[in-house]
Amino acid sequence: SQQGEEDPQALSIQEGENATMNCSYKTSINNLQWYRQNSGRGLVHLILIRSNEREKHSGRLRVTLDTSKKSSSLLITASRAADTASYFCATAPHKYIFGTGTRLKVLA
Amino acid sequence: DAMVIQNPRYQVTQFGKPVTLSCSQTLNHNVMYWYQQKSSQAPKLLFHYYDKDFNNEADTPDNFQSRRPNTSFCFLDIRSPGLGDAAMYLCATSRDDWTVNTEAFFGQGTRLTVV
Chain L
1 SQQGEEDPQA LSIQEGENAT MNCSYKTSIN NLQWYRQNSG RGLVHLILIR SNEREKHSGR
61 LRVTLDTSKK SSSLLITASR AADTASYFCA TAPHKYIFGT GTRLKVLA
Chain B
1 DAMVIQNPRY QVTQFGKPVT LSCSQTLNHN VMYWYQQKSS QAPKLLFHYY DKDFNNEADT
61 PDNFQSRRPN TSFCFLDIRS PGLGDAAMYL CATSRDDWTV NTEAFFGQGT RLTVV
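So the protein lines, in turn, are chains L and B.
Count the first sequence with our numbering and you get residues 1 to 108, in order.
Count the second sequence with our numbering and you get residues 1 to 115, in order.
Be aware that one or more of the hints could be misleading.
[What the hints assert, rightly or not] Calculated lysine-lysine pairs in the DSS-like style (CA-CA distance at most 25 angstroms, straight line):
| # | chain 1 | residue 1 | chain 2 | residue 2 |
| --- | --- | --- | --- | --- |
| 1 | B | Lys17 | B | Lys38 |
| 2 | B | Lys52 | L | Lys95 |
| 3 | L | Lys56 | L | Lys69 |
| 4 | L | Lys26 | L | Lys95 |
| 5 | B | Lys17 | L | Lys95 |
| 6 | L | Lys26 | L | Lys69 |
| 7 | L | Lys105 | L | Lys56 |
| 8 | B | Lys38 | L | Lys95 |
| 9 | B | Lys52 | L | Lys105 |
| 10 | B | Lys44 | L | Lys26 |
| 11 | B | Lys38 | L | Lys105 |
| 12 | L | Lys26 | L | Lys56 |
| 13 | B | Lys17 | B | Lys44 |
| 14 | B | Lys44 | L | Lys70 |
What the hints contain is simulated information worked out from the structure, not anything from laboratory work.
Excised from the complex, chain B in its bound form (with noise of 0.2 angstroms):
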């Protein structure tokens, strides 16, 4: 059974029209995770949230937002998607964060296209 869903697998959206990107768990952890991945690079972490902590990373565009309404559900969206947001988009939870010897779930992504 998927522990970490994300939907939808494949989004289209147009060139400056704000997309959201949701992901759900059914593992309860507290840690939630989302990665922006371009073909052949690095999945790139771009927020978590710890329980309802968020933590954006430095090098975040401001363009990207994230919301977590209960431990179930995470969000992002992106409020103007450029050409540039073609990605794979990850979604991954943990149970505590990395100072835990714990690993990391992922969900199957979405593939986001930007026209």
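Excised from the complex, chain L in its bound form (with noise of 0.2 angstroms):
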């Protein structure tokens, strides 16, 4: 069964604007990870949050989670043409199983 969500489903904006979305999940998790995929391709592991921690930083990406709220963000800051891609979520220990993804686009 589906564990992580992703939301919106799709989103547009120009480049160098900052791109948020989320990721929202039904039970407990050991870590939540954040994917990218382009047209086409396999997914790109981008970064993994353990459930211990609040905020993580990858270059220009940021990641929250509330384990409260069971819920993540990941927010993509200067947005570039090459960051047009589906982001999925999964969560252990929950098997690699993923939502229907956030489609960005990013407008040059």
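Please dock the two separately framed chains into a single complex, following the hints provided.
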């Protein structure tokens, strides 16, 4: 059964703007991971945040985790056209089962 | 260097003709997964191997089978492909299963067309 669900389903922004997408999940987790998928390609792991962490950074990515609300957000700062992709979350220990993702389009 | 390699990238098969997709990894990971992804949908987990132990998802059709002859290789066999099986098939690996803090590594996928 689906554990993580991303929203919004689609997001369109201008280059240079920030993009925020969210993931909600149902049961307690060990960690939450974000993946990116470029069109027609496999998924690429972006970042993993553990259940005892509240915030994590990696380059232009910032992930927050609120276990009380069972939700996470992924912020991409200063977006680029190359960030255009679908973004998925997955949680452990719930197998690598993905939601339908957020389709981000960054307009040049 | 590619760490999870799927061959071929594109596969065309005839309706009802058995087809095999392959995946290899250079990471020496214990776990290998197969996903089916249809257009604009989430990747759907079909099954996974933890070492030699095969784990099928409850809703995976019997038409889909898998083999893992050794650590490096895993195959997806579709015994009688139907038009509804046209999709991207993704292979992934992880060092350990999802109970530990480990990430999954994906191949580039094989796009299957059924004619």
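Hints versus structure:
In summary, the hint linking Lys17/B to Lys38/B is supported, as the alpha carbons are separated by about 20 angstroms, within the 25 angstroms threshold. At most 25 angstroms may separate the alpha-carbon atoms for a hinted pair to count; Lys52/B and Lys95/L meet this at roughly 17 angstroms. Restraint check: the Cα-Cα separation between Lys56/L and Lys69/L comes to about 17 angstroms, which is no more than 25 angstroms; the hinted pair holds. Distance hint between Lys26/L and Lys95/L is fulfilled; the C-alpha atoms sit about 13 angstroms from each other, no more than 25 angstroms.
Proximity of Lys17/B to Lys95/L is assessed by CA-CA distance (about 31 angstroms); at most 25 angstroms being required, the pair is judged violated. Annotation: proposed proximity of Lys26/L to Lys69/L holds, straight-line Cα distance about 10 angstroms (limit 25 angstroms). Restraint check for Lys105/L and Lys56/L: the C-alpha separation of about 24 angstroms stays at or below 25 angstroms, so the hint holds. Restraint check for Lys38/B and Lys95/L: the C-alpha separation of about 19 angstroms stays at or below 25 angstroms, so the hint holds.
Taken as a hint, the Lys52/B and Lys105/L pair is broken in the structure, with Cα atoms around 41 angstroms apart against an allowance of 25 angstroms. Distance hint between Lys44/B and Lys26/L is fulfilled; the C-alpha atoms sit about 18 angstroms from each other, no more than 25 angstroms. Restraint check for Lys38/B and Lys105/L: the C-alpha separation of about 20 angstroms stays at or below 25 angstroms, so the hint holds. For the given pair, Lys26/L sits about 21 angstroms from Lys56/L by alpha-carbon distance, which is consistent with the 25 angstroms threshold.
Of the supplied pair hints, the one linking Lys17/B and Lys44/B holds, its CA atoms being roughly 23 angstroms apart against a limit of 25 angstroms. For a cut-off of 25 angstroms, the pair hint linking Lys44/B to Lys70/L stands: about 22 angstroms separates their Cα positions.
Checked against the numbered hints above, the structure violates hints 5 and 9; every other hint is satisfied.
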